Amino acid sequence: ILNVEQSPQSLHVQEGDSTNFTCSFPSSNFYALHWYRWETAKSPEALFVMTLNGDEKKKGRISATLNTKEGYSYLYIKGSQPEDSATYLCAFNTGGFKTIFGAGTRLFVKA
Amino acid sequence: DTEVTQTPKHLVMGMTNKKSLKCEQHMGHRAMYWYKQKAKKPPELMFVYSYEKLSINESVPSRFSPECPNSSLLNLHLHALQPEDSALYLCASTPATNEKLFFGSGTQLSVL
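The listed protein sequences derive, respectively, from chains G and R.
So the first sequence is numbered by the numbering used here: it starts at 1 and just counts up by one.
So the second sequence is numbered by the numbering used here: it starts at 112 and just counts up by one.
Don't read these hints as lab results, they were simulated from the structure.
No experiment lies behind these values; they were computed from the predicted model shown.
The reader is advised that the hints may include incorrect statements.
Claimed, not checked - Pairs of lysine-lysine residues, derived as BS3-like cross-links and limited to a Cα-Cα distance of at most 25 Å, are as follows: (1) LYS59(G) with LYS211(R); (2) LYS110(G) with LYS151(R); (3) LYS42(G) with LYS69(G); (4) LYS130(R) with LYS164(R); (5) LYS59(G) with LYS42(G); (6) LYS98(G) with LYS164(R); (7) LYS164(R) with LYS152(R); (8) LYS151(R) with LYS98(G); (9) LYS78(G) with LYS57(G); (10) LYS42(G) with LYS164(R); (11) LYS110(G) with LYS98(G); (12) LYS211(R) with LYS152(R); (13) LYS151(R) with LYS164(R); (14) LYS42(G) with LYS130(R); (15) LYS152(R) with LYS98(G); (16) LYS58(G) with LYS211(R); (17) LYS164(R) with LYS133(R); (18) LYS69(G) with LYS129(R); (19) LYS57(G) with LYS149(R); (20) LYS129(R) with LYS98(G); (21) LYS149(R) with LYS69(G); (22) LYS211(R) with LYS129(R); (23) LYS59(G) with LYS110(G); (24) LYS133(R) with LYS42(G); (25) LYS69(G) with LYS211(R); (26) LYS211(R) with LYS78(G); (27) LYS149(R) with LYS129(R); (28) LYS129(R) with LYS78(G); (29) LYS120(R) with LYS57(G); (30) LYS130(R) with LYS59(G); (31) LYS211(R) with LYS42(G); (32) LYS57(G) with LYS98(G).
Using the sequences and the hints, build the whole thing.
The following block contains the structure:
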């Protein structure tokens with residue numbers, strides 16, 4: 001059974017704080033690792049798709065790293081803003097149609 | 112148009128009812144997906160259609176019946192559901208395999 005674990009489950013930070021979350025996934029049969037951002041009452045939206053060990057991706061204040069050998073990815077948010085409040089999902093793909101999700105990290109940013 | 116549209120947004124049904132969830136995309140994506148998500152749990156894959164043919168059924172009970180009438184539409188027919196089937200049902204699409212998923216905003220289903 002393929003398992004994707006995310007930690008922490010939830011996180012409360014102050015505006016301006018930098019923060020990071022972890023995604024752990026099986027290190028075998030790896031094809032791609034996805035990060036999604038899901039705001040309440042909206043659709044999950046892809047942030048990053050990473051495929052290579054050592055990949056780093058950046059989008060504004062959000063960045064992600066990938067270690068496929070040890071099976072983890074970090075998502076970093078620099079200078080959190082209230083609009084960053086959302087659930088951040090990671091998902092693991094072995095190639096093909098199956099993308100297996102973690103339960104997400106719920107981020108609350110207080111102004 | 113980069114949207115996946117799901118209707119209805121909310122649905123309440125009894126255990127003897129028959130209802131359908133609808134999903135539509137006009138991005139030319141050839142793969143469409145149904146996921147089920149319960150609160151604080153990961154979204155779980157139910158079905159995948161590729162080029163309008165069922166590619167994956169993750170051992171989903173037959174009271175859930177998917178249908179892909181054409182490349183833009185995906186339905187999920189519901190019959191004789193149980194209260195434990197109450198969940199958020201998410202539709203998604205991808206241009207091909209291995210690519211990022213484009214999601215709808217989901218149908219929140221309550222089975223009484």
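To see whether the hints hold, each was checked on the structure:
{"no.": "1", "hint": "LYS59(G) with LYS211(R)", "in the structure": "holds (16 Å)"}
{"no.": "2", "hint": "LYS110(G) with LYS151(R)", "in the structure": "holds (21 Å)"}
{"no.": "3", "hint": "LYS42(G) with LYS69(G)", "in the structure": "violated (34 Å)"}
{"no.": "4", "hint": "LYS130(R) with LYS164(R)", "in the structure": "holds (22 Å)"}
{"no.": "5", "hint": "LYS59(G) with LYS42(G)", "in the structure": "holds (20 Å)"}
{"no.": "6", "hint": "LYS98(G) with LYS164(R)", "in the structure": "holds (16 Å)"}
{"no.": "7", "hint": "LYS164(R) with LYS152(R)", "in the structure": "violated (28 Å)"}
{"no.": "8", "hint": "LYS151(R) with LYS98(G)", "in the structure": "holds (20 Å)"}
{"no.": "9", "hint": "LYS78(G) with LYS57(G)", "in the structure": "holds (14 Å)"}
{"no.": "10", "hint": "LYS42(G) with LYS164(R)", "in the structure": "violated (28 Å)"}
{"no.": "11", "hint": "LYS110(G) with LYS98(G)", "in the structure": "violated (36 Å)"}
{"no.": "12", "hint": "LYS211(R) with LYS152(R)", "in the structure": "holds (20 Å)"}
{"no.": "13", "hint": "LYS151(R) with LYS164(R)", "in the structure": "violated (31 Å)"}
{"no.": "14", "hint": "LYS42(G) with LYS130(R)", "in the structure": "holds (23 Å)"}
{"no.": "15", "hint": "LYS152(R) with LYS98(G)", "in the structure": "holds (17 Å)"}
{"no.": "16", "hint": "LYS58(G) with LYS211(R)", "in the structure": "holds (16 Å)"}
{"no.": "17", "hint": "LYS164(R) with LYS133(R)", "in the structure": "holds (17 Å)"}
{"no.": "18", "hint": "LYS69(G) with LYS129(R)", "in the structure": "violated (48 Å)"}
{"no.": "19", "hint": "LYS57(G) with LYS149(R)", "in the structure": "violated (30 Å)"}
{"no.": "20", "hint": "LYS129(R) with LYS98(G)", "in the structure": "violated (28 Å)"}
{"no.": "21", "hint": "LYS149(R) with LYS69(G)", "in the structure": "violated (31 Å)"}
{"no.": "22", "hint": "LYS211(R) with LYS129(R)", "in the structure": "violated (32 Å)"}
{"no.": "23", "hint": "LYS59(G) with LYS110(G)", "in the structure": "holds (22 Å)"}
{"no.": "24", "hint": "LYS133(R) with LYS42(G)", "in the structure": "holds (17 Å)"}
{"no.": "25", "hint": "LYS69(G) with LYS211(R)", "in the structure": "holds (22 Å)"}
{"no.": "26", "hint": "LYS211(R) with LYS78(G)", "in the structure": "holds (24 Å)"}
{"no.": "27", "hint": "LYS149(R) with LYS129(R)", "in the structure": "holds (21 Å)"}
{"no.": "28", "hint": "LYS129(R) with LYS78(G)", "in the structure": "violated (48 Å)"}
{"no.": "29", "hint": "LYS120(R) with LYS57(G)", "in the structure": "violated (33 Å)"}
{"no.": "30", "hint": "LYS130(R) with LYS59(G)", "in the structure": "violated (41 Å)"}
{"no.": "31", "hint": "LYS211(R) with LYS42(G)", "in the structure": "holds (17 Å)"}
{"no.": "32", "hint": "LYS57(G) with LYS98(G)", "in the structure": "holds (23 Å)"}
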